[in-house]
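S.K.: Going down the list, the protein sequences come from chains A, B, C, D, E and F.
Quick note, the first sequence lines up with residues 1 to 254 if you use the working numbering.
Quick note, the second sequence lines up with residues 1001 to 1254 if you use the working numbering.
Quick note, the third sequence lines up with residues 2001 to 2254 if you use the working numbering.
Quick note, the fourth sequence lines up with residues 3001 to 3254 if you use the working numbering.
Quick note, the fifth sequence lines up with residues 4001 to 4254 if you use the working numbering.
Quick note, the sixth sequence lines up with residues 5001 to 5254 if you use the working numbering.
Fair warning: there could be bad hints in the mix.
Below, computed lysine-lysine pairings styled on DSSO-like, alpha-carbon distance capped at 27 Å [said to hold, decoys possible]:
#1 E:Lys4192 / E:Lys4021
#2 A:Lys26 / A:Lys155
#3 F:Lys5156 / E:Lys4219
#4 C:Lys2161 / C:Lys2121
#5 F:Lys5021 / F:Lys5156
#6 E:Lys4219 / F:Lys5120
#7 C:Lys2120 / E:Lys4136
#8 C:Lys2161 / C:Lys2030
#9 F:Lys5026 / F:Lys5136
#10 F:Lys5219 / E:Lys4192
#11 B:Lys1225 / D:Lys3156
#12 D:Lys3155 / D:Lys3041
#13 F:Lys5161 / D:Lys3120
#14 F:Lys5121 / E:Lys4219
#15 A:Lys26 / C:Lys2161
#16 D:Lys3219 / D:Lys3068
#17 E:Lys4225 / F:Lys5219
#18 C:Lys2121 / C:Lys2026
#19 C:Lys2225 / F:Lys5225
#20 A:Lys155 / A:Lys136
#21 F:Lys5219 / E:Lys4136
#22 F:Lys5120 / F:Lys5192
#23 C:Lys2121 / F:Lys5219
These are calculated hints, taken from the structure and not from any lab test.
Note that the structure is a prediction, hence the values are computed from the model and not measured.
There are 6 protein chains.
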Amino acid sequence: MERRILWINPIGTNLFDIPMKENLNKVKDKETILDVVSFEKGPSHLEYQVYEALVGTDILRTIKNAEKQGYDAAVIGCFYDPFLSEAREISNIVVTAPAESSMAIAISLGHKFTIIVGRKKWIPQMEENLLRYGLKERLASFKSIDLGVLDFQNKKEETEKRLIEAGREAIEEDGAEVLILGCTAEFGFYRKMQESLNVPVIDATIAPLKYAEFLVDLKRLAGIKHSRIGKYESPPYTEIKAWGLDRMFNIPFE
Amino acid sequence: MERRILWINPIGTNLFDIPMKENLNKVKDKETILDVVSFEKGPSHLEYQVYEALVGTDILRTIKNAEKQGYDAAVIGCFYDPFLSEAREISNIVVTAPAESSMAIAISLGHKFTIIVGRKKWIPQMEENLLRYGLKERLASFKSIDLGVLDFQNKKEETEKRLIEAGREAIEEDGAEVLILGCTAEFGFYRKMQESLNVPVIDATIAPLKYAEFLVDLKRLAGIKHSRIGKYESPPYTEIKAWGLDRMFNIPFE
Amino acid sequence: MERRILWINPIGTNLFDIPMKENLNKVKDKETILDVVSFEKGPSHLEYQVYEALVGTDILRTIKNAEKQGYDAAVIGCFYDPFLSEAREISNIVVTAPAESSMAIAISLGHKFTIIVGRKKWIPQMEENLLRYGLKERLASFKSIDLGVLDFQNKKEETEKRLIEAGREAIEEDGAEVLILGCTAEFGFYRKMQESLNVPVIDATIAPLKYAEFLVDLKRLAGIKHSRIGKYESPPYTEIKAWGLDRMFNIPFE
Amino acid sequence: MERRILWINPIGTNLFDIPMKENLNKVKDKETILDVVSFEKGPSHLEYQVYEALVGTDILRTIKNAEKQGYDAAVIGCFYDPFLSEAREISNIVVTAPAESSMAIAISLGHKFTIIVGRKKWIPQMEENLLRYGLKERLASFKSIDLGVLDFQNKKEETEKRLIEAGREAIEEDGAEVLILGCTAEFGFYRKMQESLNVPVIDATIAPLKYAEFLVDLKRLAGIKHSRIGKYESPPYTEIKAWGLDRMFNIPFE
Amino acid sequence: MERRILWINPIGTNLFDIPMKENLNKVKDKETILDVVSFEKGPSHLEYQVYEALVGTDILRTIKNAEKQGYDAAVIGCFYDPFLSEAREISNIVVTAPAESSMAIAISLGHKFTIIVGRKKWIPQMEENLLRYGLKERLASFKSIDLGVLDFQNKKEETEKRLIEAGREAIEEDGAEVLILGCTAEFGFYRKMQESLNVPVIDATIAPLKYAEFLVDLKRLAGIKHSRIGKYESPPYTEIKAWGLDRMFNIPFE
Amino acid sequence: MERRILWINPIGTNLFDIPMKENLNKVKDKETILDVVSFEKGPSHLEYQVYEALVGTDILRTIKNAEKQGYDAAVIGCFYDPFLSEAREISNIVVTAPAESSMAIAISLGHKFTIIVGRKKWIPQMEENLLRYGLKERLASFKSIDLGVLDFQNKKEETEKRLIEAGREAIEEDGAEVLILGCTAEFGFYRKMQESLNVPVIDATIAPLKYAEFLVDLKRLAGIKHSRIGKYESPPYTEIKAWGLDRMFNIPFE
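Produce the complete structure using the sequences and hints provided.
M.R.: What follows is the structure, encoded as structure tokens:
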């Protein structure tokens, strides 16, 4: 039962595409076919809310195209989960994103989790997401390691050192029992952290990929899939067509 | 002390521009110069999250242009408060939006408020906003009158009847002491509702306009203005320029 | 990559073992080997907290034995998730249970969920579990259909009718976008409900089985498994042995 | 459109009346006529709840008298917001107070705020007020500078130093993006703090004055004023008169 | 071990003094000596917040006098718990009040409780008290029977009928397992309600009397008494004396 | 009015029975007859959730036997309050436990309390209990003194020193106004702590004993006793008998 999954790096650089795919290939199910794409234009990271806003249309277009091309699932590869609700509103395929997927795993691994971010700047929006997801009560703390998205893979040694240090503090001072890496670009560090700290460390790329596989299976085997009423109710295509939104934004809404 | 305020109808139709301006002129301060704009393309309402996503770049561009042109404030005229955080992230002028502004008023007018929306579809996102704003505890209820954004001004009699009916139920059954109209296109009805129901009714166009005036005055007189650290910290312009985001998206970020 | 999973019906009757296994075989992964067991003594359902208490030792013994026998995961088949924390405290294999697993799925399928229970009696404990899991904010409502655990499969037609009715009310009146069946004995009804109501319906047997497969894979592929500090920290075996608890309670703690 | 506003220092000393008025005159609107009064008897500060209780009748009498004299608004000048609900219950004019007004501003200036108080003693009551106002989620922290109400203006240099130090800690350690001065007697320090710390600092005298102007305008222009049902419903004057409460307490209730 | 307890009806009528004492004598411990007082002036009920404000000084004076006269405890006999914090701030004896005492009992009698009030008007303040006490989560609902404080004993039959009806609805529709009578003037009805409804009904006069006995015993036997730091920290008597507050308000603060 | 109360040390050692009884005799009411029992088998402390599970049946059997023998109340002597709900479900006598009883006292003694535990391991379960009891908002903090249940009475000097140190930190850093000793084996230290720290310290053995006396009196004098619907609804004895649960588990359920 083959599953086709599209990982979207929602940024204007393909810098992470190959190494991320290599990493994900190690943990994907053997029946999963994984593709990784990024955008032709746009910011190279999404540390600011305005950067997210700039890639909104590209994310939605890419997901609708994936649906047309027969993908079973798409992953929006940024821990802010940008445009996740919007994507589900207009698509019938499975769409996942790192923060929500990490929660779906973390809630069964321990009492409280700490999210380790790059910069303090990221915390307000992530805290708002936790509130929206209803999971604020399970948060032990946020910890920042004072590095940017583009630093993690460039300064691997320093990143690893700071991640382990932040994780240790979270465990000893904040009561964390589970650690979550709050950025997809923090991929590749979780194994070493698990060995050093002896607690589960949820990698923000593994979580949404595996959760996507899980949801695809639930949909195929039991027909359980995201609700199309309320939050994820679609706009009527007649309206979209009447307004010409598909051509205007080059998105195959139908 | 003249204040220049730009009201943005973040939709691809100028349908509401003139009547809304007429209505707002009745309540604006005499030293406020108000302009109203809408977009050249895009959906005619923002009932769906995906419609909001499509106008994100236009909202940000319009606000940065307003800043360049010397406006003191901009209002994002949709009760979902779309891209309000993003706008504050990149601009130094005052930016307001209906939901947040209505809260800033409602908290002193009574114990609990009910938000009257057009369709049930709108409730999940608005409830998430209340959670993010931290004001869920003050909510009495949401009430839906089963009309769309484009119906309110077209079917005034029916709209008025349903608004009053929904308000009465909110007061009698849900403990509402204050009513908030959860859509800018519900403008013009609040006076009649206040007379019929004898409780304060917050119009979603008046609230952000007057709150914008209020914040402009606070800024001018006391230098109190939105924080530029954390949630509203700006991206460095060097980065924006290096990536060519200003030309790419035609937004004067500097 | 074969997975061995033990489903435990934590009751003193094998009434559900065969039909439940047949149902689960339809949705299990092809590499999953599923066994279903129940206890030799004890109550025939766990509607009362005291009934749960009576089977605590049996649940823990069965799970430790499963671990010895090489199972990869065990499922505690009751929506109260009885002794789930205790089981994780003493075992290294994956342990899941219906309520927590259903949450892990529901959070990505819609804004709010309703849990449909058999009797009002069940609600307080389930509500406490939601509080402990931190997910109370996502609850739309509980609905009771006034039938007991032993009625569902005996009165299928009536059960189906009431489940659909309760689901419809939850959607129309409480804002539910997702339905969760709050008892494992409500198995077999979700498909018909999905067809009638057109929203996702999470079956309380499918959720913990599939979530167990998911967690087993995460553990194997990425070494991500439940934390052994804090809430799930094990008692020292030296202490258990010194006190003779293993022989006393016939549980292979080591 | 002249507005008459009465600032009430609810204490038995006129110590703050003149300097506070001078300070407020710098930020009031040009059409605002501001008067400042204090009481003839009573405690010189309200650091203790019992001191507040002692001035309750004086606050209510002063506000009802202000209403008779044609004031448009009254401000209760203490950050505990003492008898704010009671005042609204019996008066038709606008009544504001520092804590609530500061919230109405702070919610749009940043993600979280810290309230800087004089003594730890003040925190429990202020925290209870935040809970009642429904805004606890937006609080970053309370910080105490270990000075009393009567110290701030007497030891300006020390006060300023400690305020800046407390503000810096709130920003760096607690995630505050906005600072609120939790005592009206902390007036005059906000400008220097804003310059030093580069975040908005809400002065507890400016906030309720400007918010009063704002609400007076809303009332005049749009008829939007505080609700008179539920929390702010008035007692019937027939009852008051029958019991002789007006003469008994020398308050013009009618 | 004799205990002297003063019940204060904080109103300007002695209407309830004798019948309430007779009722309380049936449930007081045999070593408790109970006195009941009311005030010489003031409103005849406290349904409005402003009425509470008017009796604040009298409540505090009465409690300080009781302390001087050797009482072990005082009860503030109104379900709003007016000036309870203030009273504890200045006195060393035990002070209780109905709402808090009812909570101290209700939390062990069932999952959720409903508070039955006379008028809807009372709900906002009582809900705020629940928030302050931290017990909102345990509330099933408020129910109003549309009768005033002075009606309950005058229209006993009607009151009893409505209380039972409201209780039944609370149980059947709101999930209440415990009922609390939200007014001291609702005394005398609980027994009949318990018989009719078969759930515990907490009488708002019994609760604070028995809780006062309980706290007096804890203080005598174990020295456990209310904290004098933070919320209940006393103002320094030197300050009170310097300002002449004791003579000014005729309260023996020392 | 004699009260017979059974204190249950729910562990397989009588180590604490005599000293605890001696301590409790100092604070019990003179009409209380106190017996203390422990179990013949089982763990010597309940620091782990699995240890609790092992004594569940023994707790329930002991309480039902106590009921048969005419006890008026039983106390489950462990701060996790193990099987408190289950015990109330099947018994008509008063059942109390330390955590819940401590809350019933603490809520009137100060604004916030700190619970001082032996090990960090205990915190997650106790925090979950606070959530279930609805009192999380009143918690200042948990403090751990890094000692086990069996250390407290063996290393009295060290225990006392650490308890006082932890209490001091809680007061100075966390805003605690009341301290609660989070383990029954921490008995005997509260007096010295109260003298040193000058705040109320709730002993986890005194609280449930005195609360049990209080509830027994409420039941006798006013018929107010725990609800038998919803959370504490009993299973029907016909079912228990049909399944043979009484003989199977040697518990006199009838």
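S.K.: Run every hint past the structure and note whether it holds.
M.R.: Structure-based check of all given hints:
no.: 1; hint: E:Lys4192 / E:Lys4021; in the structure: holds (19 Å)
no.: 2; hint: A:Lys26 / A:Lys155; in the structure: holds (23 Å)
no.: 3; hint: F:Lys5156 / E:Lys4219; in the structure: holds (25 Å)
no.: 4; hint: C:Lys2161 / C:Lys2121; in the structure: holds (21 Å)
no.: 5; hint: F:Lys5021 / F:Lys5156; in the structure: holds (18 Å)
no.: 6; hint: E:Lys4219 / F:Lys5120; in the structure: violated (31 Å)
no.: 7; hint: C:Lys2120 / E:Lys4136; in the structure: holds (21 Å)
no.: 8; hint: C:Lys2161 / C:Lys2030; in the structure: violated (33 Å)
no.: 9; hint: F:Lys5026 / F:Lys5136; in the structure: violated (32 Å)
no.: 10; hint: F:Lys5219 / E:Lys4192; in the structure: holds (15 Å)
no.: 11; hint: B:Lys1225 / D:Lys3156; in the structure: holds (25 Å)
no.: 12; hint: D:Lys3155 / D:Lys3041; in the structure: holds (25 Å)
no.: 13; hint: F:Lys5161 / D:Lys3120; in the structure: holds (26 Å)
no.: 14; hint: F:Lys5121 / E:Lys4219; in the structure: violated (32 Å)
no.: 15; hint: A:Lys26 / C:Lys2161; in the structure: violated (47 Å)
no.: 16; hint: D:Lys3219 / D:Lys3068; in the structure: holds (18 Å)
no.: 17; hint: E:Lys4225 / F:Lys5219; in the structure: holds (25 Å)
no.: 18; hint: C:Lys2121 / C:Lys2026; in the structure: violated (32 Å)
no.: 19; hint: C:Lys2225 / F:Lys5225; in the structure: violated (45 Å)
no.: 20; hint: A:Lys155 / A:Lys136; in the structure: violated (31 Å)
no.: 21; hint: F:Lys5219 / E:Lys4136; in the structure: holds (25 Å)
no.: 22; hint: F:Lys5120 / F:Lys5192; in the structure: holds (24 Å)
no.: 23; hint: C:Lys2121 / F:Lys5219; in the structure: holds (24 Å)
In this structure, the hints that do not hold are numbers 6, 8, 9, 14, 15, 18, 19 and 20, in rising order.
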